[in-house]
Every structure is written in C-alpha cells, then in structure tokens.
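Chemist: As you go down the protein sequences, you meet chains A and B in turn.
Each residue of the first sequence is one higher than the one before, starting from 1 at the first, in full-length UniProt numbering.
Each residue of the second sequence is one higher than the one before, starting from 1 at the first, in full-length UniProt numbering.
FYI, nobody ran anything at the bench for these hints, they're computed from the structure.
Each hint should be verified, as a subset may be incorrect.
For identical chains, the list gives no copy identity; a pair is met inside one copy or between any two copies.
[To be verified] Only pairs whose alpha carbons sit at most 16 Å apart, straight line, appear in this in silico EDC-like list of lysine to aspartate or glutamate:
1) LYS18 <-> GLU265
2) LYS18 <-> ASP137
3) LYS27 <-> GLU401
4) LYS18 <-> ASP141
5) LYS18 <-> ASP174
6) LYS51 <-> ASP331
7) LYS51 <-> ASP332
2 protein chains.
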Amino acid sequence: MAVNLAPPAALTPIAGVKWSTVGAAIKSAERDDIAVCWLAENTITAGVFTKNAFAAAPVTVARRHLTAVAPRALLINSGNANAGTGIAGEQDALTLCDQIAVARGFEQAEILPFSTGVIGQALPMTRMAPALSVLCDNDTDAGWLAAARAIMTTDTVPKGTSRRVDLGGGRYCDITGITKGSGMICPNMATMLAFIATDATIAEPDLHQALVMANQASFNSITVDGDTSTNDAAMLSATGQGAAIECNEAGWGAFVAALTGLMQELACAIVRDGEGATRFMDIHIAGAADIDEARAVGFTVAQSPLFKTAAFAGDPNWGRILAAVGRAPIDDLAIDGVDIAIGDVAIVAGGQPRPDYVEAEAAAVMASPEFTIRVGLGRGSAETHVFTSDLSYEYVRINAEYRS
Amino acid sequence: MAVNLAPPAALTPIAGVKWSTVGAAIKSAERDDIAVCWLAENTITAGVFTKNAFAAAPVTVARRHLTAVAPRALLINSGNANAGTGIAGEQDALTLCDQIAVARGFEQAEILPFSTGVIGQALPMTRMAPALSVLCDNDTDAGWLAAARAIMTTDTVPKGTSRRVDLGGGRYCDITGITKGSGMICPNMATMLAFIATDATIAEPDLHQALVMANQASFNSITVDGDTSTNDAAMLSATGQGAAIECNEAGWGAFVAALTGLMQELACAIVRDGEGATRFMDIHIAGAADIDEARAVGFTVAQSPLFKTAAFAGDPNWGRILAAVGRAPIDDLAIDGVDIAIGDVAIVAGGQPRPDYVEAEAAAVMASPEFTIRVGLGRGSAETHVFTSDLSYEYVRINAEYRS
Numbered sequence: 001m002a003v004n005l006a007p008p009a010a011l012t013p014i015a016g017v018k019w020s021t022v023g024a025a026i027k028s029a030e031r032d033d034i035a036v037c038w039l040a041e042n043t044i045t046a047g048v049f050t051k052n053a054f055a056a057a058p059v060t061v062a063r064r065h066l067t068a069v070a071p072r073a074l075l076i077n078s079g080n081a082n083a084g085t086g087i088a089g090e091q092d093a094l095t096l097c098d099q100i101a102v103a104r105g106f107e108q109a110e111i112l113p114f115s116t117g118v119i120g121q122a123l124p125m126t127r128m129a130p131a132l133s134v135l136c137d138n139d140t141d142a143g144w145l146a147a148a149r150a151i152m153t154t155d156t157v158p159k160g161t162s163r164r165v166d167l168g169g170g171r172y173c174d175i176t177g178i179t180k181g182s183g184m185i186c187p188n189m190a191t192m193l194a195f196i197a198t199d200a201t202i203a204e205p206d207l208h209q210a211l212v213m214a215n216q217a218s219f220n221s222i223t224v225d226g227d228t229s230t231n232d233a234a235m236l237s238a239t240g241q242g243a244a245i246e247c248n249e250a251g252w253g254a255f256v257a258a259l260t261g262l263m264q265e266l267a268c269a270i271v272r273d274g275e276g277a278t279r280f281m282d283i284h285i286a287g288a289a290d291i292d293e294a295r296a297v298g299f300t301v302a303q304s305p306l307f308k309t310a311a312f313a314g315d316p317n318w319g320r321i322l323a324a325v326g327r328a329p330i331d332d333l334a335i336d337g338v339d340i341a342i343g344d345v346a347i348v349a350g351g352q353p354r355p356d357y358v359e360a361e362a363a364a365v366m367a368s369p370e371f372t373i374r375v376g377l378g379r380g381s382a383e384t385h386v387f388t389s390d391l392s393y394e395y396v397r398i399n400a401e402y403r404s
Numbered sequence: 001m002a003v004n005l006a007p008p009a010a011l012t013p014i015a016g017v018k019w020s021t022v023g024a025a026i027k028s029a030e031r032d033d034i035a036v037c038w039l040a041e042n043t044i045t046a047g048v049f050t051k052n053a054f055a056a057a058p059v060t061v062a063r064r065h066l067t068a069v070a071p072r073a074l075l076i077n078s079g080n081a082n083a084g085t086g087i088a089g090e091q092d093a094l095t096l097c098d099q100i101a102v103a104r105g106f107e108q109a110e111i112l113p114f115s116t117g118v119i120g121q122a123l124p125m126t127r128m129a130p131a132l133s134v135l136c137d138n139d140t141d142a143g144w145l146a147a148a149r150a151i152m153t154t155d156t157v158p159k160g161t162s163r164r165v166d167l168g169g170g171r172y173c174d175i176t177g178i179t180k181g182s183g184m185i186c187p188n189m190a191t192m193l194a195f196i197a198t199d200a201t202i203a204e205p206d207l208h209q210a211l212v213m214a215n216q217a218s219f220n221s222i223t224v225d226g227d228t229s230t231n232d233a234a235m236l237s238a239t240g241q242g243a244a245i246e247c248n249e250a251g252w253g254a255f256v257a258a259l260t261g262l263m264q265e266l267a268c269a270i271v272r273d274g275e276g277a278t279r280f281m282d283i284h285i286a287g288a289a290d291i292d293e294a295r296a297v298g299f300t301v302a303q304s305p306l307f308k309t310a311a312f313a314g315d316p317n318w319g320r321i322l323a324a325v326g327r328a329p330i331d332d333l334a335i336d337g338v339d340i341a342i343g344d345v346a347i348v349a350g351g352q353p354r355p356d357y358v359e360a361e362a363a364a365v366m367a368s369p370e371f372t373i374r375v376g377l378g379r380g381s382a383e384t385h386v387f388t389s390d391l392s393y394e395y396v397r398i399n400a401e402y403r404s
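For reference, chain A alone in the conformation it holds in the complex (with noise of 0.2 Å):
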C-alpha cells in the first residue's frame, strides 16, 4: 500500500557503527524485534525526542542517560513501547540496559533504551532477556538493513537512506540513517525512531545543532494523523573515524544541506507508508508572515480529516482545503489575499474561485498518487512544506483492529 517507496536497495555502512539484531517474540514470533547499534569509542551522539508529557518510560531513560556520558550502545525493541508503564516500566529498561553493560564490559548509562509498538503493557522480559544473550555475541557493520526491518512495527516498508557528503577540500563522510512509523505521526513527531550516523568528526553542540534545524525541516514537518506518541526519537551519532568538520567552515553547508536531505526523505518515507496510504502530499504554504503561521496553516489542512478523505478519493473538492485555511489558528486573516491551487491548477485568486477553473485539470492532478497542494495567504514571505498522506478505509482498519 505505500505510495512509491521501495526497500532501500543498498545502505552505505559507517566506519565506527555496528549493530545485532534478534527476535524475542515481544509481539509476533516470525521476525527479529530487537535491535542493538554499537557505536565505536569517542562517538559523538545527539539526540531530539518526544514533547508528550507522558513520555514512555526508554524516552526518560535514554534523555537521562544522554546528559551524562556519550553512549555506546542503542538498544531498540519494537511490538511494545513500554509506554504508560509507570515505574516498573522505568526498572524494566533499566534491567535491559544493564543486561547489555555487562555483557560488553560499558556502563549502564552508556545505553540507550527505546521502545516502540502497543502503550500500556509491561515488556515480556523472560523473553527479552535470553534474546539479548544471544545478540550481543552477533554483530555486523552491514546490519543497518536488517535494524530497518527489526524496529518496524506497523511498517510495510523498512525504511533507511545513505548520502555520500563532499566536504571541499578532498574531504567526504557518509551518512546512513534508519527510520520507522506509520501510524500516530505529527509534530514533535510520534511513533517514530530515526537512528542516524556519519563517519565525520564533529563536536557535540554542532552536532545537536545539525540534527536540530534538520529534524524541524523533516520529522517536525509531517503528519499522518495528528497524534504525537510517547516514544518518538532521532539520533544522530557521530564516530569520528572520517573526515572533521566544523560549523564555521564552508563545508558545513553541504554537511547540513545532506543531513536535513537524508531525514526528508526518511520523514517521508513514513507518510508514504502512513497506515492506509494511498497518496503521497505536499501541502505548501506560501506568502506567510512567519515561519510559524505557514507551519500552523500547513498542519490545519493536513490534518483535517475532511481533505484526506476527499484526496483518498481523488476529489479536488477544494472548499475543504479553503475551510481549512480559514479555521487555522491565525489572526486575521484577509480572505482576499488568500490563493489555493492543486498541482498548477489554480482554483482560489485573491479569495474569489477563478472563473477559468476547471475541475477536471484538478480531477487529473489529484488521479496521480502523489501531488502538491498550494497556498498562498499574501501576508509576506515565509513559507514551509508540510507532508502528509489521506485518511482511507484502510486507515481505520488497521487502527481499530491494531491489538487484536
């Protein structure tokens, strides 16, 4: 059902980066659950999570853990979020952590736990436990795609992309990044894990600054149904065995500029397997005043369940997108300035229809399973992109259906 995305064919590995991965049967016996990312000494990691306040319990772990020593291992499990757990959620990822430690000899805050899959129910540790005896004696550098398909929950598709980066001056790194999440994703992001590494040394505040701005451009820019998890993370991870680089040289551009290409196109690879998908859109906001009221439009068409289920059925019934703009928490809005177009269809000028619209150009953008939703407010000269995915039968099959 994912709308034009393929398995990734090839991911680049990182020097410094390995990972194992087994199965535990947390939820289905048929696949391997767990996943665990080795990084090198003297990796460099950054990290960005959830703003829900009941974070899962790995969530207040891993952000604990992170403030106090680089990590050295990231150990992912899906089919249980350990979510809504409570203190005996907290000791559980604690048990695991230390699980891992001893058996390589690291500290206990030298790893990272996360969690993704059902909320509200204590992970299996008899199972987990003999898992991770088992993996940690297993690792690979060319694991990355098998910890793509290891933390898929309600993924279709594993979903992973490398970037080779030209630094200037002879100097390249990689890039590879892992993502999954299909379901429960928005702003702040949602039921989603990113795990992302370069081989390029780079200090610990350029690195949260990369992640940061690149993260707002591609994790904090999508939405499949509004809801934001208890779980959600990025990390990015630096191991230092390639080329150095700096936030004040020129090179750090293309660094970014990859880094923020990288994650769009994993955010993306999540609303293209949003759970129901069968359209892929770009909803563009144009001529805002701020970045912040572009965003604010940009989310309020996305989310409305009106449009997605008129783009499921390919209807350019583009009064739901206007009642959209209108109802989005902006102040005063002049419906006079606002434009509204499909594709290069134009439909809205200046608040009025057009009278040389026709509803089968539109008809024809919104038949291809991917298209662009353009809006112009006329109030300056911010703008965003915001993607998103329709709201099909489909949709409500595997949401109503999930646990059962």
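Starting from the structure of chain A, add chain B where the hints point.
Modeler: Coordinates of chain B only, in the frame set by chain A:
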C-alpha cells in the same frame, strides 16, 4: 447508523413562529430543501456565527442584516452551502432575500439567509426562484418537523426538541429548536445550523447573553471530525407573545438552564448522527486549572483519530487516551496528577497504571454504544464535557463519496 437517536415525536409550536418548506431540487429532487421561518412582528432575534475566516456568503449577509434590523424571516436551504463563491455568491443570497421581502412586504435586511451543503458551487438560482414563489403561499405553525427535515444534508435523522419552562409566579414559556449537522463538526460550530424560538418576551441583550452561554456548553462542546465549517449559525428568537422574563429575576436561571439543556440535546443529536458514528462518547475532563485547559484536553482526546478508531473497535486501548492527554496544548502537565477511567473502571491513578485494573471490565463498558471517558488532571477544580463520536469505515465512505 445514528447512536440512540430517534426523530422527535412532536415539537411544540411557538406562538409567533410559522414555517414554510418547499423542494427546489438543489441537490436532489426527492425532498424539500428550502425552509423559511416566519417571525411575527416584535420578535427579537439573537445569533452566533462561525469564526471561520472564509465565512460563506449567507453568513456575511445574515450577520450584516441582523445588526441592521430585527429579522422577519429566516431563509434556509440545504444541498449547497453558497460558500467559496465570492462576490457572485453574496449577490445570489441578496437576490433570494429580495424575493422573499417583495412577496411579503418586508425590507431586504429583514430576511436572513442560511445555506448548508457542498462548498464551492453556485446556488441553482433558476430552480430556487420558482420554488420560493410557491413557498410564500404556504405556511403553518406546525411546520417545525418538516423544516428539520428540509435542512438536513448528510444527516440521517431530523433533529429537534421542545421544553416547557416554569418561570415562577405561574408563568410558563415554551422553547422549540431544530438543528442539522453531521460532519465538519467542531468548536465554533460547523456545517451546523440551529434555529430556536421561544414565545417568551425577552430584551435583546438578555437574549444574546443566554444564547452565548448556552452555546458554549452545547454547540461549542461537540466534535465529530475537528473541522469547522464556513456556514455555522445558531439563531434564537423570542416572539414576545408569552410571559416576560429578564436576567435580573429569579426565573431567569430556569430559562437559561432549560435553553442550555435544549441546545445540549440538539448538539448531542448532531454527534449521535455524526458521519459514520457507531458510538457516542462524553469526554469528561475534571481537575483542570481553568475551563480553557479542560476544553483543550477534552478536544485533544475527542479529536484523536487513534482514540476514535479504538472506540469504533470497542477496544479499551487506554494508551491512546493517555498519549492524547500528554500531547494536549497545556503547560507543565505533571503526569503524577493524572487519572483515567473508562466509565467507572479506573485505569490510571496518579499517572501510574492501577494494579487492580481488569481489561475485560473496560471492554464491557466500551461494548456499549454510549459511554463516558473520565480524565482527572489534578490541577484545580474546573471541569467540562466534550461530546464526540467514533471514526469508522462509514465516516471515510461518506466523506470520500460526498460529491459522487
């Protein structure tokens, strides 16, 4: 498909109010789709309208006319919202007002137009004008139910109710209201129209205050899909043919309570008949610091597609309630103050899952077509109710196929 909702058995006529209905084949030839509410001389009318910046042409005209002079007729059509139709749409609305005014000897501004239905198409004026000629010769004070039917769009059940109010001192008044709406339902109202009248004698400022107060607890406390329409309006007329009542006297509380109850019943009827609804839910938020906060949490839960699909399945997936509470737009939510219950089954206490929780008990509550979700925030004493429906296959079908 409507949840515990039958057509009204009888609606009490209101002295000073008559209705006419007629069919103009606006969207379908098989039913009446125009209704006119005739208001006797000296009737006072108050109104509240959509806050959507793209207010439809009839809303713009009705708002302007209402400030100019007391209305003598409310002209309502279904099947076409006359929204997104620009200057031509406003001219069409005025032309229709003119026709009514000339036929009955009123001023143009004494007619308020209302439209509901599909957005972005011109009204079929050539069919509406002859229908209006027929209509002006046909009116009855028993026409409330026929009017409730004529204003329906995707509604499956006509909606109306009556109250007799004991004002004290041997005085009584009657209130009758009708409403329509089923999709695009949200705070600040929706594709929702409501027409309410009483025979009581009430001054305009008091009448307006009563409408605004009752509206907050009724039409502004419901959501089906989070979308706010361009056409919403709720009108309250007092014909002055019965007992006099004013806001400084003892009986005023009884009047406002009865009006609020009537409007809440009408608003909940919209949710019960929500597009594709199979469940009716009362989201009860308590322990909030203030009412705005309570409403913010209530609407975040009520609009979560993940919660709504779980409700459709009758699945007590309380993690989705918890995740929605956690992402609600309120500051500094401390999770250790949060309680969650489904019906009377307590699930989360002080932010921790209760060890005595038995999922089968919550599943039994959710097997019912109607139940309450209770969220305690532990921050204060404000509370509110938000009423909502579930998200089903049928919701998607209705909205994907609306224009086909």
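Chemist: Determine for every hint whether it applies to the structure shown.
Modeler: The hints, checked one at a time:
{"no.": "1", "hint": "LYS18 <-> GLU265", "in the structure": "neither (23 Å within a copy, 62 Å between copies)"}
{"no.": "2", "hint": "LYS18 <-> ASP137", "in the structure": "within (12 Å within a copy, 84 Å between copies)"}
{"no.": "3", "hint": "LYS27 <-> GLU401", "in the structure": "within (14 Å within a copy, 37 Å between copies)"}
{"no.": "4", "hint": "LYS18 <-> ASP141", "in the structure": "within (4 Å within a copy, 80 Å between copies)"}
{"no.": "5", "hint": "LYS18 <-> ASP174", "in the structure": "within (15 Å within a copy, 77 Å between copies)"}
{"no.": "6", "hint": "LYS51 <-> ASP331", "in the structure": "between (25 Å within a copy, 11 Å between copies)"}
{"no.": "7", "hint": "LYS51 <-> ASP332", "in the structure": "between (29 Å within a copy, 11 Å between copies)"}
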